[in-house]
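Trainee: Protein chains in written order, with this note's numbering: chain F, 12 to 385; chain W, 49 to 341.
Calculated from the structure, these hints are not laboratory results.
A few of these clues could be false.
Unchecked claim - Going by beta-carbon spacing under 10 Å, a handful of chain F positions derived as facing chain W:
#1 G71
#2 S79
#3 P105
#4 G106
#5 L109
#6 A113
#7 S203
#8 A205
#9 G228
#10 M229
#11 E301
#12 A307
#13 D310
#14 A314
#15 E317
For clarity, every value in this text was computed on a predicted model and none was experimentally measured.
Built from N, CA and C at the ideal position, the CB exists for glycine as well.
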Amino acid sequence: MRKTSMRLAAVVAAGALVLAACGGDDESASEASDTSSEASDDSSEESTEGDEVQDCGTIGFLQPLPESIIFWPFITANALGYFEDEGMQVELLPGGELPETAFVDNGTADIATAGGPEVMQALDAGANLKVLYDYWNVAAEGLVTLADGPDNPADVKTVGLVTDSDAATVEIIWSSLGVDPGSVNTVTLGESPAILAESLESGSVDAVAGAISDFIGMQAAGLDIKDIAPDSFRASPSASFIVTPTTIEENGDCIEGFLRAWAKGTYAGLVNGEVTQAMGKAAVPEEWTEESVGIASYDQSVAYQEPVGSDGIFGTVQRDVWQAQADDLIEIGELDFESLDVGSFIDERFVEGSNDWDRAEVEADMQAWADANM
Amino acid sequence: MSDIVVGSSSVSGNRGWRGILRSLPLQLGAFAIVIFIWWLAADQGWVSPRILPAPGDVVLAFWDLVVSGILMDNLWITVYEVIAGFILGSLGGFLIAVGAALYGPFRQVVTPYMVALQVTPRVAIAPLLFIWLGFGTLPKIVLAATICFFPVFINTLTGLTIIDEDEKELFRSLRASKGQEFFRLQLPSAMPVTFAGLKTAISLALIGAIVGEFVSADQGLGLLIQRFSFQLNTPAAYAVLFSLTLLGLLLYGFMELLDRYFIFWNRNERMLKRTRRMESRYQRSIRSHDAAQ
Numbered sequence: 012m013r014k015t016s017m018r019l020a021a022v023v024a025a026g027a028l029v030l031a032a033c034g035g036d037d038e039s040a041s042e043a044s045d046t047s048s049e050a051s052d053d054s055s056e057e058s059t060e061g062d063e064v065q066d067c068g069t070i071g072f073l074q075p076l077p078e079s080i081i082f083w084p085f086i087t088a089n090a091l092g093y094f095e096d097e098g099m100q101v102e103l104l105p106g107g108e109l110p111e112t113a114f115v116d117n118g119t120a121d122i123a124t125a126g127g128p129e130v131m132q133a134l135d136a137g138a139n140l141k142v143l144y145d146y147w148n149v150a151a152e153g154l155v156t157l158a159d160g161p162d163n164p165a166d167v168k169t170v171g172l173v174t175d176s177d178a179a180t181v182e183i184i185w186s187s188l189g190v191d192p193g194s195v196n197t198v199t200l201g202e203s204p205a206i207l208a209e210s211l212e213s214g215s216v217d218a219v220a221g222a223i224s225d226f227i228g229m230q231a232a233g234l235d236i237k238d239i240a241p242d243s244f245r246a247s248p249s250a251s252f253i254v255t256p257t258t259i260e261e262n263g264d265c266i267e268g269f270l271r272a273w274a275k276g277t278y279a280g281l282v283n284g285e286v287t288q289a290m291g292k293a294a295v296p297e298e299w300t301e302e303s304v305g306i307a308s309y310d311q312s313v314a315y316q317e318p319v320g321s322d323g324i325f326g327t328v329q330r331d332v333w334q335a336q337a338d339d340l341i342e343i344g345e346l347d348f349e350s351l352d353v354g355s356f357i358d359e360r361f362v363e364g365s366n367d368w369d370r371a372e373v374e375a376d377m378q379a380w381a382d383a384n385m
Numbered sequence: 049m050s051d052i053v054v055g056s057s058s059v060s061g062n063r064g065w066r067g068i069l070r071s072l073p074l075q076l077g078a079f080a081i082v083i084f085i086w087w088l089a090a091d092q093g094w095v096s097p098r099i100l101p102a103p104g105d106v107v108l109a110f111w112d113l114v115v116s117g118i119l120m121d122n123l124w125i126t127v128y129e130v131i132a133g134f135i136l137g138s139l140g141g142f143l144i145a146v147g148a149a150l151y152g153p154f155r156q157v158v159t160p161y162m163v164a165l166q167v168t169p170r171v172a173i174a175p176l177l178f179i180w181l182g183f184g185t186l187p188k189i190v191l192a193a194t195i196c197f198f199p200v201f202i203n204t205l206t207g208l209t210i211i212d213e214d215e216k217e218l219f220r221s222l223r224a225s226k227g228q229e230f231f232r233l234q235l236p237s238a239m240p241v242t243f244a245g246l247k248t249a250i251s252l253a254l255i256g257a258i259v260g261e262f263v264s265a266d267q268g269l270g271l272l273i274q275r276f277s278f279q280l281n282t283p284a285a286y287a288v289l290f291s292l293t294l295l296g297l298l299l300y301g302f303m304e305l306l307d308r309y310f311i312f313w314n315r316n317e318r319m320l321k322r323t324r325r326m327e328s329r330y331q332r333s334i335r336s337h338d339a340a341q
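Start from the sequences and build out the full structure, keeping to the hints where you can.
Mentor: Listed below in structure tokens is the structure:
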């Protein structure tokens, strides 16, 4: 009898675990919503009183990193209740090295951030995507050396690559300088910032080609480095919001609401770094076990998120930069298109609406959050 | 007779503990030597602290992670993925192996697919699992399940199919039914081998869950290692790594305990204890029967 009941309990436990696993996404979504509602600020709730709030339900948003101060608008918009104000809960889907475009195309994510080459390669492969809003206006990739190292990439003899794909960074930079990319030695070092830092300090490599997240740890650990990538290379949107045309048709208002909350969150982070860091610390404490790393992550990401134009409009899609990038990709054989008009996939209809908010109110919201939580 | 069994069982049990206690100083000594060499390497600067931090720094980082609650918050997510993946994978492996052992045509159909699944590098299909199953814990559980599935399947199948011909003959001569042959002969013979597979599977499930967390996660020990590595917070990364090792050892130890409990016939002292219990029960029933008469 005891044995039978133990067996039964084991079977029930197994079934419960499997069922719970199947419902994992919903749980995490509701957990995310709980967090955001807890973090909501009274002042932001007041601002929506009396307004008719649309019901967008849960929006699946894919970004390359899990919640991080590097992508602070998600943190600030959550903390200030901006997503709730737009009638939505946002479920963050951490993409990592996964192809963001595939998840938008197959409907797993409603909206995602992706870099220019990835978007155009997905279009080349037949995906139907629209670029709505440039979020990171500077290339996420770079070429760094020690502070007392060479200033000109042409003087670099050996480059350490974080991954094989960073070979493209080397090729583009050297080609833009009119130097044969074959003249520089490359060696793949892997993603460990410890190895990258050691390789630079020991002189095994003169420079490292990688992404911002690879460099932040090195800087926070006290390694004095500088980015020597030419300005022409840096002027490249590395994270733009993409959706499918179907999402625009069926859920356009909600997408605009999402982008508005994002733009407000971006501004909040730019206008008050101290409060933004406090929000980051509350949302992702593990990113702040070393305070210097959290601060360096914030500081490094500021330049990427500032609006490109003097008008201060967030999300403006840099068509000329996109077109230049498309032409380059076609020229080096990365795209099969004979030509690609970026106007065919850039759709800026939501940029104006996403900037339709009062900056003074956001500043007041930040102050109110600081008064309540700091 | 009963007293003799009790005595030998007791001695056998104590001998096990004595054996462990006897080897403990040796094991602790080896551990101390490893830690000393590690400390010396860090102290003398033979290896950069970015690559190998001092043991004291790792302990401090571990303590900070425990006190702040960061370690536990992420530990439970990983444990959940491991246990769920292990149950899913091992249950699947066991049931398919039973089907394959009992029905030849089924075995011929499924075995090539099982082997194909085993030789396919699961790390390579991890991104595909996320595309098929979406985000959250489910793809990590499925990844853990696919990795830990095979040892249970192959061990159970082997255990169920390699039965001593004389024993089979004995069951047949006693006119045992198919069911009796399976539950009284095949299954008990297979269980020690199956448990060996389960012990391998629980370690593999941990690897599967961590690989899944490396691909995409918003919580979990795998993500913590990545975060701390990118921050060049090497002591914290090591602290999480050792937590994972500890978790693996605990899970393995738990399976070892289950093995000792359920597969009692595979260990003399456990077998003797069980025989003693059965004997005393039998003696009691005889006495109560006599008293009733």
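Trainee: Does each hint fit the structure? Answer for all of them.
Mentor: Results for each hint:
| no. | hint | in the structure |
| --- | --- | --- |
| 1 | G71 | holds (8 Å) |
| 2 | S79 | holds (8 Å) |
| 3 | P105 | holds (5 Å) |
| 4 | G106 | holds (6 Å) |
| 5 | L109 | holds (5 Å) |
| 6 | A113 | holds (6 Å) |
| 7 | S203 | holds (6 Å) |
| 8 | A205 | holds (4 Å) |
| 9 | G228 | holds (4 Å) |
| 10 | M229 | holds (7 Å) |
| 11 | E301 | holds (5 Å) |
| 12 | A307 | holds (9 Å) |
| 13 | D310 | violated (14 Å) |
| 14 | A314 | violated (19 Å) |
| 15 | E317 | violated (23 Å) |
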